[in-house]
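In case it helps, our numbering puts the sequence shown at residues 11 to 189.
Source of the hints: derived by calculation from the structure; they are not laboratory data. For clarity, every value in this text was computed on a predicted model and none was experimentally measured. The beta carbon of each residue, even a glycine, is placed where N, CA and C say it ideally should be.
Ranges between beta-carbon positions, derived for each pair:
1. S159 / L37: 49 to 57 Å
2. R78 / A152: 29 to 37 Å
3. R55 / Q158: 45 to 53 Å
4. A165 / S118: 18 to 26 Å
5. A32 / S166: 42 to 50 Å
In silico lysine to aspartate or glutamate, EDC-like type, Cα no more than 16 Å apart, as pairs:
6. K162 / D132
7. K167 / E130
8. K84 / D15
9. K121 / D132
10. K162 / E175
11. K162 / E130
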Amino acid sequence: MLGADCRLSYANRAARSMLATATALRLRGDRVQEADPDATGSFARMVAATATFGNTNAMCIGTSHGSRLMLTTKPLRGGAGGGVGGGGGGSVLMLAADMDRGERQCASQLKSAFGLTAAEADIARALGTGASPAETAVARGALLSTVQSQIKSIASKLGCRRQSEIAAIVQTMPKFLED
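Whole structure, please, built from the sequences with the hints as guidance.
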């Protein structure tokens, strides 16, 4: 949780680890900032806009080891002054998702949330990335008819009627840093 001025008021274990390694964001005093010394300050502007105007924002930020983080900020309501943190506006919840770790995590989430088999979760994930059933069959070394049958099973378990609905569900699943 951050104040409008990026002052850190709470961080879970994963966030503390991310800040300690300073691969994308770092702590300077008690404020979170981009780790890249050449950064433009877009992170601070995003946090301030979220706290001030109450809108949800997101940005992608590179890390020092070449991966990408999706940072999403959401306003928190309540407490004196519109939030529970300091900084001239409401408090902001920041979520960090490792975009390059998401595929493995997505399959695991699909299995646990919808009761998909490992194969079904992999196929659903492939559909979510835009792969066609034929491309998925080739990549898996399976028959197209097998993949099509599994897509029908996936659709039934997800309550969908179309492949595009499966893809939409997969694309909207949150992918968070491991705690």
